[in-house]
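Let the sequences and hints guide you as you build the complete structure.
Residue numbers (the numbering used here), protein chains in the order written: chain A, 1 to 329; chain B, 1 to 329.
These aren't lab readings, by the way, just hints derived from the structure by calculation. Accuracy of the hints is not assured; some may be wrong.
When chains are identical, the list treats them as one kind, so a pair holds in a single copy or across two.
Here are the simulated lysine-lysine pairs, DSS-like style, with alpha carbons at most 30 Å apart [stated by the list, open to error]:
| hint | residue 1 | residue 2 |
| --- | --- | --- |
| 1 | Lys144 | Lys261 |
| 2 | Lys167 | Lys3 |
| 3 | Lys183 | Lys167 |
| 4 | Lys144 | Lys167 |
| 5 | Lys261 | Lys284 |
| 6 | Lys297 | Lys167 |
| 7 | Lys275 | Lys182 |
| 8 | Lys275 | Lys213 |
| 9 | Lys144 | Lys275 |
| 10 | Lys3 | Lys34 |
| 11 | Lys275 | Lys145 |
| 12 | Lys34 | Lys275 |
| 13 | Lys167 | Lys261 |
| 14 | Lys34 | Lys182 |
| 15 | Lys183 | Lys34 |
Number of protein chains: 2
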Amino acid sequence: MPKIIRFHETGDADVLKIEDLPLTEPGEGEVRLKVEAIGLNRAEVMFRQGQYLETPELPSRLGYEASGTIDALGSNVTDFQMGDRVSTIPGFSMSAYGVYGESAVVPVSAVAHYPENLSASEGTAIWMQYLTAFGALIEIGQLKKEDVVAITAASSSVGLAAIQVTKSAGALAIATTRGADKKQALLDAGADHVIVTNDEDLAERVMSITSDKGANIIFDPVGGPMLETLATAAAVGAIIFEYGALAPEATPFPLFSSLAKGLTIRGYTLFEITKDADRMARGKQYVYDGLQSGTLKPIIDRSFTLDEITDAHRYMESNQQKGKIVVTV
Amino acid sequence: MPKIIRFHETGDADVLKIEDLPLTEPGEGEVRLKVEAIGLNRAEVMFRQGQYLETPELPSRLGYEASGTIDALGSNVTDFQMGDRVSTIPGFSMSAYGVYGESAVVPVSAVAHYPENLSASEGTAIWMQYLTAFGALIEIGQLKKEDVVAITAASSSVGLAAIQVTKSAGALAIATTRGADKKQALLDAGADHVIVTNDEDLAERVMSITSDKGANIIFDPVGGPMLETLATAAAVGAIIFEYGALAPEATPFPLFSSLAKGLTIRGYTLFEITKDADRMARGKQYVYDGLQSGTLKPIIDRSFTLDEITDAHRYMESNQQKGKIVVTV
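Below, the structure is given as structure tokens:
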């Protein structure tokens with residue numbers, strides 16, 4: 001029986017249990033993966049804590065991203081074959097599907113081949129991060145080379161992906177991070193400027209870098225009181241994407257800055273892309289092209305084994321990572 | 001010497017003083033109006049209180065909208081002649097220009113002829129309200145007949161204009177008002193549904209009216225805690241315009257609704273239209289066409305005389321009005 005990660009109550013990382021569960025068969029329009037690597041996401045930490053957009057039905061599996069080979073096909077699956085190397089695209093309900101474990105059944109719509117030159121660990125570190133950045137910056141933000149993009153929590157896998165997406169459009173990438181320890185890694189990842197928010201005034205630095213124009217695209221998973229700061233750092237007519245809710249504090253709406261500058265504050269999740277066939281098709285092509293040309297290159301921070309899943313979650317919560325945290329199976 | 005309204009300190013309506021001041025000459029690109037009527041706006045109350053986007057330089061004139069005849073032309077003014085009947089478009093700094101009084105100098109870019117069949121009172125009750133609604137709903141919101149538009153503070157001149165703009169596009173207009181006393185006036189003004197927020201749950205009613213889809217355009221000058229309610233009443237992918245800051249309370253950002261529904265919350269002021277020549281040209285044409293066809297029809301609530309300016313401001317602050325408050329000169 002495959003080892004599967006589940007939790008029977010919401011809470012800290014200790015609630016994650018490794019269980020031996022019967023192999024399940026894929027239903028219509030589903031495939032089963034023999035999992036080789038799992039990519040961790042903040043969404044899973046929040047889901048485990050009961051603080052995500054979706055509420056778990058206990059006991060619950062979890063996990064959006066895995067790579068592996070297809071070892072069972074449900075009915076009406078035509079685009080994939082047994083043995084195909086694929087990774088999952090997080091376009092499904094985590095309550096209904098969850099990929100942490102040695103085996104996972106997922107909808108075929110949420111499966112894609114990944115380039116042959118990528119390892120299984122790299123293959124599970126592409127869809128969430130690049131599609132999330134693509135959807136906000138390219139599809140909605142209409143990123144152009146004249147743009148100035150401010151990227152907060154830039155050391156996360158999505159943050160780093162946003163730097164790569166920004167640079168591949170020829171635009172200016174300003175990355176922010178709390179501590180100075182991650183500054184060099186962000187410069188190495190392609191950021192034009194790095195603002196260390198523990199030591200520097202974010203809005204002042206953005207204004208200084210941009211000759212007082214401000215950033216016209218801001219990409220933020222934090223929220224909380226920082227949104228007011230981001231609005232101060234925003235250019236006239238800027239768009240601020242809020243794509244997460246990491247801040248424990250409430251998020252005041254920056255009403256006066258929004259009025260004075262005509263700001264757009266845009267709640268955004270990857271579901272806007274995964275639920276739209278046209279956008280998904282464009283997104284997949286964008287990611288394939290970027291991986292092939294080398295403008296997109298997954299950055300793996302650290303690997304854990306399946307036995308170390310609680311450590312892997314704790315490590316994510318410690319915010320030390322600079323890139324994707326992967327669990328090899 | 002013409003009577004001019006000024007204030008020497010910010011504060012309540014009593015700070016407004018009627019002063020005899022020398023007639024001023026228009027400079028380059030300016031014209032002078034012999035004022036016949038003044039249209040009051042909430043912005044002037046906030047400016048007087050020192051709570052507007054712009055800070056007054058004391059002593060300060062105030063006022064965005066007046067109608068009258070041109071009685072002096074500055075240099076380089078070619079589109080207007082002495083004696084032209086015009087009204088002002090609020091596309092200027094209230095600190096630099098202010099139209100409350102018997103005479104006002106304004107930039108020629110902020111002057112437009114108004115249709116001959118309108119009275120001076122009606123002529124000063126068109127630009128702020130219709131261009132504000134046009135800019136948000138038509139230019140940015142891309143209003144279509146399938147849309148459901150929720151309009152808060154709907155009894156204000158801009159609110160009523162938004163109802164007319166919504167109905168002229170064939171879309172559904174849901175108006176909200178605090179007290180039941182204004183319900184009939186809003187129905188008479190064309191609202192398809194009126195929600196009395198003192199008695200009814202705004203979000204529940206919007207969901208009930210829309211078969212649980214929600215409103216996909218929301219037009220709100222209030223902010224404050226109601227923004228959270230409006231986000232609850234919003235459809236997936238909706239846009240919420242915040243075009244004022246009437247609420248005394250802080251405005252929490254509805255982060256979870258925004259993420260779950262992909263909401264756009266858009267700070268907006270008329271300056272986005274008045275500062276953009278193309279948008280202004282489209283806006284003027286839209287207003288002229290609507291006034292001519294009768295889909296747009298200014299609603300005057302009550303008239304005061306210049307001597308009664310403090311009463312007029314107090315009346316606006318009492319929130320009893322259902323339409324434009326006008327001061328005749």
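Now the hints, each set against the structure:
In this assembly of identical chains, the alpha carbons of Lys144 and Lys261 lie at most 30 Å apart whether taken from the same copy (20 Å) or from different copies (26 Å). For a Cα distance limit of 30 Å, the shortest separation of Lys167 from Lys3 qualifies neither inside one copy, at 40 Å, nor across copies, at 60 Å. Within a single copy, Lys183 and Lys167 get their C-alpha atoms as close as 17 Å, which meets the 30 Å cut-off; across copies the closest is 54 Å, which misses it. Taking the closest pair of Cα atoms, Lys144 and Lys167 come within 30 Å of each other only inside a single copy of the chain (10 Å); across copies the shortest separation is 37 Å, beyond that limit.
Only between protomers do Lys261 and Lys284 lie at most 30 Å apart by alpha-carbon distance; the minimum there is 23 Å, versus 34 Å within a single protomer. Taking the shortest alpha-carbon separations for Lys297 and Lys167, only the intra-copy value of 12 Å comes in at or below 30 Å, while the best inter-copy value is 51 Å. In this homomeric assembly, Lys275 and Lys182 never come within 30 Å of each other (Cα to Cα): the closest approach is 34 Å inside a single copy and 42 Å across copies. In the homo-oligomer, the alpha carbons of Lys275 and Lys213 lie at most 30 Å apart only across protomers (17 Å), although the nearest pairing inside one protomer, at 35 Å, exceeds that limit.
Taking identical chains as interchangeable, the C-alpha atoms of Lys144 and Lys275 lie at most 30 Å apart whether they share a chain (25 Å) or sit on different chains (23 Å). For the identical chains of this complex, Lys3 and Lys34 are intra-copy neighbours only, at 11 Å inside a copy versus 85 Å across copies, given an alpha-carbon limit of 30 Å. In this assembly of identical chains, Lys275 and Lys145 lie within 30 Å of each other by CA distance both inside one copy and across copies; the values are 28 Å within and 25 Å between. Taking CA atoms no more than 30 Å apart as the test, Lys34 paired with Lys275 passes inside one copy only; the shortest distance there is 25 Å, against 59 Å between copies.
For a Cα distance limit of 30 Å, the shortest separation of Lys167 from Lys261 qualifies both inside one copy, at 26 Å, and across copies, at 29 Å. Taking identical chains as interchangeable, the C-alpha atoms of Lys34 and Lys182 are never at most 30 Å apart, the minima being 35 Å within one chain and 65 Å between chains. For a Cα distance limit of 30 Å, the shortest separation of Lys183 from Lys34 qualifies neither inside one copy, at 38 Å, nor across copies, at 63 Å.
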